[in-house]
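Asks: Here are the chains, one letter per residue:
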Amino acid sequence: MTRSVNVHGEAMIYVKGPQGSLIQNLTEFGLAESETRITVTPLFKDVNLNAWGEAPLDVQRKLAFITCTATMLQYDVAVMAELVRLATGGTVEGRLGRAGRLMGNGLGRFANGNNYVGFNLAAPQSGRPWRFLYAYLQSPIGDYQEGTNVETVAVTFRGVPYTADPWNGGSGASEYVLYDRSLDS
Amino acid sequence: MAGEIHTLFRELVVPGEILVAVKGGAHMSGYAVGDLTELGLAEREIKIVPYYQHVDVTPTGFGGVACDVVWRLAHVDITLGLIHYDQGVLEILLDESAANGGIRWGDPLTLNEPLGRAGIMAPTGRLLGGRKAMYESGNHFFSVNLLLASGETDPYRFRMCHLSMRPATIPMGTDTQVVDVTFRALPYQDPYRSGVFSGTQSITTVNGQGDAFAVILAAALGALPGPPGTVLRSGGVRFSKRREILGSGAVLYDRTPDVSGVIGVTSS
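Listed in order, the protein sequences are those of chains A and B.
Be aware that the first sequence starts at 1, since it is given in this note's numbering, and climbs by one per residue.
Be aware that the second sequence starts at 1, since it is given in this note's numbering, and climbs by one per residue.
Warning: the hint list may mix true and false statements.
[Unchecked claim] Using C-beta positions, here's what the derived DEER-type ranges look like:
id: 1; chain 1: B; residue 1: E43; chain 2: A; residue 2: V92; range: 31 to 39 Å
id: 2; chain 1: A; residue 1: P166; chain 2: B; residue 2: E4; range: 21 to 29 Å
id: 3; chain 1: B; residue 1: I170; chain 2: A; residue 2: S34; range: 23 to 31 Å
id: 4; chain 1: B; residue 1: V259; chain 2: A; residue 2: G94; range: 48 to 56 Å
id: 5; chain 1: A; residue 1: S4; chain 2: B; residue 2: D154; range: 47 to 55 Å
id: 6; chain 1: B; residue 1: T153; chain 2: A; residue 2: E151; range: 53 to 61 Å
id: 7; chain 1: B; residue 1: F9; chain 2: A; residue 2: S126; range: 28 to 36 Å
If you are wondering where the hints come from, they were derived from the structure by calculation, not from laboratory data.
Built from N, CA and C at the ideal position, the CB exists for glycine as well.
This is chain A alone, in the form it adopts within the complex (with noise of 0.2 Å):
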């Protein structure tokens, strides 16, 4: 195999929203004070029997999220404050959507009304590149630094595997893109 060392390059973070928003087109958002990090979180399902004590027996495949933490020092506060808009469905940043919306509403992928944006995270050293097909601020979003120093506030992304139809015809969520190693366009 090819081992080295990895520098994954100045990571800048692009989002794409839905259609009608600030960021229908692939939008700077910014640069990270430190290491932006990502996580996959694949979720499982242990398979207990009586005659196996205690440790499973086997384990089930439950999908998976993936997030990406990082703290914005260099960055647009008005697509911030989108995104902010996007995950917490208000028409503008501080308002709220109604209890019980849902975020993807059945639409497809940038539709007005899906509110999931495509996360970017450029590599332009490594060449392998992040993006979360169908993401949103998690909350808690900010930890706002505010005060005499450079602003920095911390934002969680989460990808979650959306659909607008989870039977995909029989084949269920088999060879679902979470994420990939390209960018939007």
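For this one, chain A is given, so just place chain B on it according to the hints.
Replies: The following block gives chain B in isolation, referenced to the frame of chain A:
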């Protein structure tokens, strides 16, 4: 351990993703439920519970213990919580389970069926099956198909179903709605036909010369005796007497799902 124990094939069984699809009578032909139609996906496991009916035979000489048991057929309850489902289809199933009181003959039934018709009652006493064959127009039973994902085998088909006494529990609020429903599958068939449909029938006419039981049945239906070789009708209900009246061979469920595009099949 004495003797050899036969070993068959044990395994962990994971049925996988399950889609509930339904198919009803030909009076809905060309519209939703008139052909195989998706109802939806469940939030959690779908539970299939067969209810076997037995009656103990307890002769005095055996005290209170049964010396044998009489088999009295069975039904199956299928319970599930619908979360990703078609409200229009559920509405039709509620109406069909109420003997089709809300949807008038000839009314358009679409996949986007407007809601509200299921609250209209059919006349008391209307039969769900109405002595109609499976999928025949006027038969308000519908099949429930539990379709398994691609590559999996052994789906379930419950042939003659209705939503049972408390047909649906419908939560209303800001959470995603999970509608708990219970289907009851019965071994329905026209009791005046034999358990196995042969395609050719020898009809014994109730004309006063036939057997006494047939005469009693005809009288119960208000049928009038007819000439030999004819089929009696009572209020549009076909009445014929075959070799036997019993549930032998009635299919409660099988493992062959319905096929889309085959509408209004009249044999059972």
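Asks: Which hints from the list above does the structure break, by number from lowest to highest?
Replies: Violated: hints 2, 3 and 7.
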